[in-house]
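Visitor: Sequence:
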Amino acid sequence: MPFTRPPRRVPAALSALLALPSLLTAPALAASGPAAPEGTLSIRLLEIPANRVDDVRAQRFIVDHVNPGTTFTRRLELRSTSDRPQQVQVYAAAAGIDHGRFTFAPDRAQNELTSWIRLDRPAVTLPPNGSARVKATVAVPAAASRQERYAVIWAQTAAPPGAGAGISVVNRVGIRVYLDVGPGGEPPSDFRVSEVVPRRTADGRPALVARVANTGQRALDLDGTLMLTGGPSSLSAGPFPVSTGTTLAPGGQADVTVVAGADLPDGPWRFRLELASGWVERTAEGTLTFPARAGGRGLPAALDGPVRRTTLAAVLVAGLAGAAAWTVRRRLRARRALVRRLS
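In short: position in the sequence shown from 1, add 909, done, that's our numbering.
No lab work stands behind these hints, which were simulated from the structure alone. We put the beta carbon where it would ideally sit given N, CA and C, even for glycine. One should not assume that every hint holds.
Claimed, not checked - Derived CB-CB ranges, DEER-like:
#1 Thr1012 <-> Pro1036: 48 to 54 Å
#2 Thr1012 <-> Ala1122: 18 to 24 Å
#3 Ala1048 <-> Pro1150: 34 to 40 Å
#4 Pro1037 <-> His1008: 21 to 27 Å
#5 Thr980 <-> Ala1111: 49 to 55 Å
#6 Pro1036 <-> Asn976: 51 to 57 Å
#7 Leu1144 <-> Leu1208: 17 to 23 Å
#8 Ala1014 <-> Pro1050: 35 to 41 Å
#9 Pro1031 <-> Val962: 47 to 53 Å
#10 Asn976 <-> Ala1211: 22 to 28 Å
#11 Pro1209 <-> Arg1114: 50 to 56 Å
#12 Glu986 <-> Arg1181: 17 to 23 Å
#13 Arg1114 <-> Ser1143: 18 to 24 Å
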């Protein structure tokens, strides 16, 4: 399976999404005890599949589809900004998706996917302000059933208990693993926006809540933006980012929220909501009016029509079709010109 390093430059349309946090962080397992070592710990992918080089999710997480019996590797980089050496443990633990959230199993709980993941070293010592690399090997059994599975590769540090305390402070960061297994090509990814409702938060800020259903066969991580135009006195506002953290399992649905500026009037407004997960994008447009009361819910937005779907594949097909049509027209014009000269 060919790999390539994540690109140094990306199209402008992806820049906003790439600016989102790429690391998963878990809170300390204890609320008391000594402080963790100063500085931060991070983990990132050093390589992704060549066929996913323009997939934003694959640049942040391990996202792949393989046939049963496949073995592949990923190189990871751990980095510390501490002025002291840090002992870092590296391991895979179980994960899942529940009620629109990617969930982490407690401690080092295992599942089927974690039993397939092997790290070339379970612990590394990072020098002060230094880094180290770890290789993860995923070996899928030939008898593996068709299914998408989830896990996390964690990098973890722990501060020893202080005097008279028996509790350590544990901090960890990780990279999600979304691995789909099955013969043939990758199952399709898709989602549907069924309803858009304007609201006011408890502190009075206008918000938009969209109901999204995963109608495909792979998990989705939703990002996106909201743009408001045509407001009172022809006001425009945005773009406002979608609140991150919504992950949908196949067949699942959840609400996606965008909180807008606190000083915006109620409306009415024209809105454009763009949502994306990897290559798949949906755009919902219409009109809405925010409720006046804090904590209130407005009437569902009037949508212009069916939510438009855009995928990278569709764009490429359209581009190739356009190029082919242009080539055919050019050849026909040249042939007519030749016939006129010979007649």
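Visitor: The structure should be examined with respect to each hint, and the outcome stated for every one.
Guide: Outcome of the hint check:
1. Thr1012 <-> Pro1036: 48 to 54 Å: Violated - the Cβ-Cβ distance for Thr1012 and Pro1036, about 34 Å, lies outside 48 to 54 Å.
2. Thr1012 <-> Ala1122: 18 to 24 Å: holds, 19 Å
3. Ala1048 <-> Pro1150: 34 to 40 Å: For Pro1150 against Ala1048, whose Cβ atoms are near 38 Å apart, the range 34 to 40 Å holds.
4. Pro1037 <-> His1008: 21 to 27 Å: Violated - the Cβ-Cβ distance for Pro1037 and His1008, about 41 Å, lies outside 21 to 27 Å.
5. Thr980 <-> Ala1111: 49 to 55 Å: Since the Cβ atoms of Thr980 and Ala1111 sit about 51 Å apart, the hinted range of 49 to 55 Å holds.
6. Pro1036 <-> Asn976: 51 to 57 Å: violated, 40 Å
7. Leu1144 <-> Leu1208: 17 to 23 Å: Holds - the Cβ-Cβ distance for Leu1144 and Leu1208, about 20 Å, lies within 17 to 23 Å.
8. Ala1014 <-> Pro1050: 35 to 41 Å: Hint violated: Cβ distance 21 Å, outside 35 to 41 Å.
9. Pro1031 <-> Val962: 47 to 53 Å: Given about 30 Å between the Cβ atoms, the range is violated.
10. Asn976 <-> Ala1211: 22 to 28 Å: violated, 46 Å
11. Pro1209 <-> Arg1114: 50 to 56 Å: With Cβ atoms ~19 Å apart, the hint is violated.
12. Glu986 <-> Arg1181: 17 to 23 Å: For Arg1181 against Glu986, whose Cβ atoms are near 37 Å apart, the range 17 to 23 Å is violated.
13. Arg1114 <-> Ser1143: 18 to 24 Å: Between Arg1114 and Ser1143, where Cβ atoms are some 22 Å apart, the hint holds.
In the structure shown, a violation is registered for the earlier hints numbered 1, 4, 6, 8, 9, 10, 11, 12, in ascending order.
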